[in-house]
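Undergrad: Could you build all of it, start to finish, from the sequences and the hints given here?
Residue numbers (this note's numbering), protein chains in the order written: chain F, 23 to 368; chain L, 12 to 347.
Note that these hints are calculated values from the structure, not bench results.
It is possible that part of the hints are untrue.
[To be verified] Non-contacting residues of chain L with respect to chain F, defined by C-beta distances greater than 12 Å in every case (computed):
{"hint": "1", "residue": "LEU125"}
{"hint": "2", "residue": "GLY168"}
{"hint": "3", "residue": "LEU285"}
[To be verified] Now the stretches of chain F that chain L is said to cover, found in silico as 3 or more residues with beta-carbon under 8 Å:
{"hint": "4", "region": "170-176"}
{"hint": "5", "region": "293-301"}
Computed from a predicted model, the values in this text were never measured in an experiment.
Think of the CB as a built atom: it goes at the ideal place given N, C-alpha and C, for glycine as much as any other residue.
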Amino acid sequence: MSVHESQAAPPAPPAERRRASAWANVRTAVRNSPATPVYAALVGVFVIAWIVVTIDGGTFLTVDNIVGMLQRSVALGIVSAGQTVVILAGSLDLSVSYVISLSSLLAAETMDGQTANMVPAILAVLLLGVIVGLGNGLVITKLRVNAFIATLGTGLIIKGYMDDRYDGPAGAIPDTFEELGYRRFGVIPLSVFLLALVVAVIYLLLRYTRFGFRLYAVGGDEEVSRLSGVRTHRTIIAAHVVCSICAVLTGLFLASRLGSGTPTVGQDGGYDLESIAAVVLGGTALAGGRGGVLGTIGGVFILAVLDNTFNQLEVNAFLKDVVRGAVIILAVAVYARRGGTGARAA
Amino acid sequence: MSTATATDRFEAPVSSRGERLRKALIGTAPIFLVLLVLLVLISIENPNFYQEPTVFLAFLKRAAPLVILAAGQYFVIVAGEFDLSVGSLVTVVVVVAARLIDGDPGNTWPVIALLLAIGAAVGLVNGLITTRLRVPSFITTLGMLLILSGAVFLWTGGAPRGALADNFREIGRLGIEDFPVLEQLPYSVMIMLALGAGAIVLMRKAWGRRLMAVGDNEQAARLSGVRVENMRTVAFVLSGLSAAVAGILLGGFAGVSAQVGQGMEFEAITAVVLGGVALGGGRGTVLAAMAGALTLEALFTLLNLHGVSGALEDTVQGIIIIVAVAFASYRLRGTR
Chain F
23 MSVHESQAAP PAPPAERRRA SAWANVRTAV RNSPATPVYA ALVGVFVIAW
73 IVVTIDGGTF LTVDNIVGML QRSVALGIVS AGQTVVILAG SLDLSVSYVI
123 SLSSLLAAET MDGQTANMVP AILAVLLLGV IVGLGNGLVI TKLRVNAFIA
173 TLGTGLIIKG YMDDRYDGPA GAIPDTFEEL GYRRFGVIPL SVFLLALVVA
223 VIYLLLRYTR FGFRLYAVGG DEEVSRLSGV RTHRTIIAAH VVCSICAVLT
273 GLFLASRLGS GTPTVGQDGG YDLESIAAVV LGGTALAGGR GGVLGTIGGV
323 FILAVLDNTF NQLEVNAFLK DVVRGAVIIL AVAVYARRGG TGARAA
Chain L
12 MSTATATDRF EAPVSSRGER LRKALIGTAP IFLVLLVLLV LISIENPNFY
62 QEPTVFLAFL KRAAPLVILA AGQYFVIVAG EFDLSVGSLV TVVVVVAARL
112 IDGDPGNTWP VIALLLAIGA AVGLVNGLIT TRLRVPSFIT TLGMLLILSG
162 AVFLWTGGAP RGALADNFRE IGRLGIEDFP VLEQLPYSVM IMLALGAGAI
212 VLMRKAWGRR LMAVGDNEQA ARLSGVRVEN MRTVAFVLSG LSAAVAGILL
262 GGFAGVSAQV GQGMEFEAIT AVVLGGVALG GGRGTVLAAM AGALTLEALF
312 TLLNLHGVSG ALEDTVQGII IIVAVAFASY RLRGTR
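TA: Here you go:
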């Protein structure tokens, strides 16, 4: 485990050795990876969905349909990738859906329909992400407020501000920026590349950087890693910054899809609880220290396949919620049985 | 309880009644101080608040569902878990009541019994999944939230149907008329006081001590012979029951809507945490948790009086809970 390596001697990065062994033992890595059962489940769900939809007379295994599922995974995928990072650190972020809404508003109002304003708008939105992440991280570490309460509080603060200032959609997205939501290269939408980029960056961050090792160490046992010389506070704060940046990227993407900023876009998507569900569905332990971003994306795809199947079968929207809730509980129950770890959430 | 083997091990250490009272006061003092300050501020804005008992009672009546919900949530939190399903359970209770009673007063009491059974059953399922299948309670109750809100509207076809009978609504609205001094003693306030007293007594009994021990140090509690899984499951059942009662009161008070319970899980958790109860378990009293709920309601009342829009209410609530928890953990520093 990276935990022990990163604890041993912080100045000497064990990355070289790790990289070599990781390539040499791909097979063991796959076997031991927490993501493997997730993708096994994804394949299972996919095949069942294919059969069910085909029997029902629909079309499932077409390029259009699969690309459609991918595109619908982008927003949830990006937030969940960020959520993975904070959950690995033993924290969690309930403010993401409000951050998404606020960033869509900030982007649309700063752009105001002008292509020339795109760069300042993107910078402003990224800055928003950094500020919210820093705020969350500082409150959790320095004021020692439980992450649940801290991020719930931040979310409420942002929600109140938006409810007070906005009655509905505001600002305008220039056509150039709408490309992000609608442009396609061949059959693949540009936004899918954005998702792939975010996932790749976070994967590399978790697997090959000191920050990544420390993150697993802190999530595994904060006290032990602190005593081993890890600056746990910095690690947790950085994790929250990464998470909030992912949230604002989602906001940018949703703004480009909708053509304007919307104060409810985040809550309507239920991205706070939904992203936590995707992370846990992806095999990451809610208590921290175990899991990874690839599993999370598998979890997001599982939810997307379910969603697509229900839509094709024209299943009642409320039944969808019932099944989704049952699937989440069932999946985590299966993981708990396999992993045999404690079931403490707080 | 079936855990008779360890009945006496968590009895309070023998000490004089006065000593215990003093300790209890110190432990819960900050939230009562905040509550007092808020009530004084409200009275300055609106002198009727203390001059007319009815105005104060109306405040208590409004607060009753949240106070009861907070008491239920307290059991779960002090045992080291979360219950995110209570908000949707409140909605389920109200919607089911409206559909089944359908305006017929004769149906009221059987339906109330059914609603309490639903609450207990949901709590039991939450508890069993969390303890036996070892699913983190955050996920269990999140899944339950989705299942409940989906199921109830699947059943009613998307929107609440039917109507509550008058005698059902009276529980949340009316009270004993011509009561000396108070003019009217609302039923909901009486229910709140009775359940609150029950919760306090329960937490002072051996059962309460064991529950506290489960949240404080699960391993130690288990080794001392406490049946940790059973304790936690019962805590979830109590939370489900409290949500059912809160739903019955709210249905009468606020009427039937699909949004009636929305966000109440977070309000209840906020109230409990405001009362100084630590998330993660093992710390805090149920009295302080209920006082936290009253404080939250007083805060909303005060903001209303000041003409702060409903929207900014959320912002203030967000700031308050962060500050309150930061303060609580500052006080705990060194003792933990």
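Undergrad: Using C-beta distances, would you say chain L covers the region 293-301 of chain F, given that this needs three or more residues below 8 Å?
TA: holds (count 3)
Undergrad: Are all C-beta atoms of chain F more than 12 Å from that of LEU125 (chain L)?
TA: holds (20 Å)
Undergrad: Should the label of LEU285 (chain L) as a non-interface residue stand, given a Cβ cut-off of 12 Å to chain F?
TA: violated (10 Å)
Undergrad: Taking a Cβ-to-Cβ distance below 8 Å as contact, does the region 170-176 of chain F have at least three residues touching chain L?
TA: holds (count 6)
Undergrad: Just checking, GLY168 (chain L) versus chain F, shortest CB gap more than 12 Å?
TA: Non-interface label fails for GLY168 (chain L): nearest chain F Cβ at 9 Å, not farther than 12 Å.
Hints 2 and 3 from the list above are not met by this structure, while the remaining hints are.
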